[in-house]
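Colleague: The lines below spell out each chain.
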Amino acid sequence: MIDCTRYRQAMLAQPHDADPALREHRESCRDCNLFTERLLRFESGLERALRVALPDAAGEVVPLRARSPPRRRSFRTGWQAWAAGVLMALMVAGGLWLGVPGSSLAADVATHMQEEPQAWRRTDLPVPSAALQSVLRDSHLRLAAGLGIVSYANSCGFRGHKVPHLVIQTESGPVTVMVLVHEHARKPVQFDEQGYRGVIVPVAGHGSLAVLTQGPDTDLGTIEQIAHRVQGAIVWTQEPS
Amino acid sequence: MKDQVGGNHKRARFQALCQSLRPDLLRFAFWLSRDRALAEDVVQETMLRAWKAQDSLLDEAAVKPWFLTIIRREYARSFERKRFATVDIDELVAQEEPMLAAAEEQNLAELRAALFRLPDEYREPLVLQVLMGFSTAEIARELGLTGAAVLTRLFRARKQLRVLCGEDTSLDPPE
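Line by line, the protein sequences give chains V and R. Per our numbering, the first sequence starts with residue 1, numbered consecutively. Per our numbering, the second sequence starts with residue 1, numbered consecutively.
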């Protein structure tokens, strides 16, 4: 049995550690639960802090690089010249890309939620079946029966792709599910962002799944359980990539 | 003709790989060096070395650690080339102020300044874990440490960072 000190030491080293022993302790200890919530909030800020947006316009690259002494290189062969060309292209493309403020996947999911606040209402009215099927079909999946009432379904633009944005009415209230086929997660990540709390779980061969609730009332353990239920209910109609 | 097509395909793949990884590599180099200009230099040199050595990349799934290893070596080489003066953290923070500032949130700017103040031995594993998504085993491999040593460093990194940021640490465990 793990004690509070061991639990908090482990969490400070790996805040997203999904070890069942840690989870069990957290669920049985109010202080450690509180500690975890504070830590995850801090962690979310840390992730955003590390993703610095280099305030770089393409044109700025040259003067900045001039700060270092130029190195002499002779481009004698074709591939070297090509590599230099690639680098120049990357400097420009990277500079432009980095001009956009960087943000984590969780932060982007939370930001997207603010664009569709109407989706969060509590209701026992399901979205029309044809509308739901249309949203799911576009992403090559369907939902097995028994998941609960799907009260909202929309194909949303997210990071350059159309993704299903669903709201499922659960015993814990409305829960949003975003099926992020194009976003590959290496491991489950819990987050507490901009008033939304949830998890992003990897889905083998199909990117990841974001499952979240609004407000602080639902604990992360419950959201994880819901995420597993959703994952179990998804039937993919296309082979994994 | 066939060789040329294969060569073009290989180049295109490499280019796509570089393009997708470059932002994170730049950020990693920035947090490693705490110097934007040096980070740009290191990443540029890394790309060139990676291109030359691409045949040694046997497993494309391992491309990120492969690039990071080159970045770390290249960063170490920059120390061999130049003799750096003693680091004054306040000066570094002031110099990189535009990078550290986050107009939307004052907290983020403070957190970034606190990251600058973390000792290298704590900052680097933390960046590998949080920014690059490395597991403890991967960090251990990259830094040549044991898993236990990595966990200790990560624990101390967050503990110090939270103090530096003025977080409520009343529930934090002792070392």
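Just to be clear, a hint being listed does not mean it is correct.
[Stated by the list, open to error] Ranges between beta-carbon positions, derived for each pair:
id	chain 1	residue 1	chain 2	residue 2	range
1	V	T111	R	L171	28 to 34 Å
2	R	Q19	V	E239	25 to 31 Å
3	R	P174	V	S134	55 to 61 Å
4	V	H16	R	V163	20 to 26 Å
5	V	R6	R	G166	40 to 46 Å
6	V	R142	R	D59	31 to 37 Å
7	V	T111	R	D90	29 to 35 Å
8	R	A62	V	L34	36 to 42 Å
[Stated by the list, open to error] With a straight-line cut-off of 30 Å between C-alpha atoms, the simulated DSS-like cross-links for lysine-lysine are:
id	chain 1	residue 1	chain 2	residue 2
9	R	K64	R	K52
10	V	K162	R	K64
11	V	K162	V	K187
12	R	K64	V	K187
[As the list claims (entries may be wrong)] Selected chain V positions facing chain R (in silico; Cβ < 8 Å):
id	residue
13	Q9
14	R23
15	E24
16	E27
17	R30
18	R137
FYI, nobody ran anything at the bench for these hints, they're computed from the structure. Positions of the beta carbon are idealized from the N, C-alpha and C atoms, including for glycine.
Colleague: If a hint holds in the structure, say so; if it does not, say that too.
Modeller: Status of each hint after checking the structure:
1. T111(V) <-> L171(R): 28 to 34 Å: Given range 28 to 34 Å: holds, Cβ gap about 29 Å.
2. Q19(R) <-> E239(V): 25 to 31 Å: At roughly 27 Å between Cβ atoms, E239(V) and Q19(R) fall inside 25 to 31 Å, so the hint holds.
3. P174(R) <-> S134(V): 55 to 61 Å: Given range 55 to 61 Å: holds, Cβ gap about 56 Å.
4. H16(V) <-> V163(R): 20 to 26 Å: holds, 22 Å
5. R6(V) <-> G166(R): 40 to 46 Å: 26 Å Cβ-Cβ, so the 40 to 46 Å window is violated.
6. R142(V) <-> D59(R): 31 to 37 Å: holds, 35 Å
7. T111(V) <-> D90(R): 29 to 35 Å: 34 Å Cβ-Cβ, so the 29 to 35 Å window holds.
8. A62(R) <-> L34(V): 36 to 42 Å: holds, 39 Å
9. K64(R) <-> K52(R): holds, 16 Å
10. K162(V) <-> K64(R): holds, 27 Å
11. K162(V) <-> K187(V): Distance of about 23 Å is within 30 Å: holds.
12. K64(R) <-> K187(V): holds, 16 Å
13. Q9: holds, 5 Å
14. R23: violated, 18 Å
15. E24: violated, 18 Å
16. E27: violated, 17 Å
17. R30: violated, 11 Å
18. R137: violated, 29 Å
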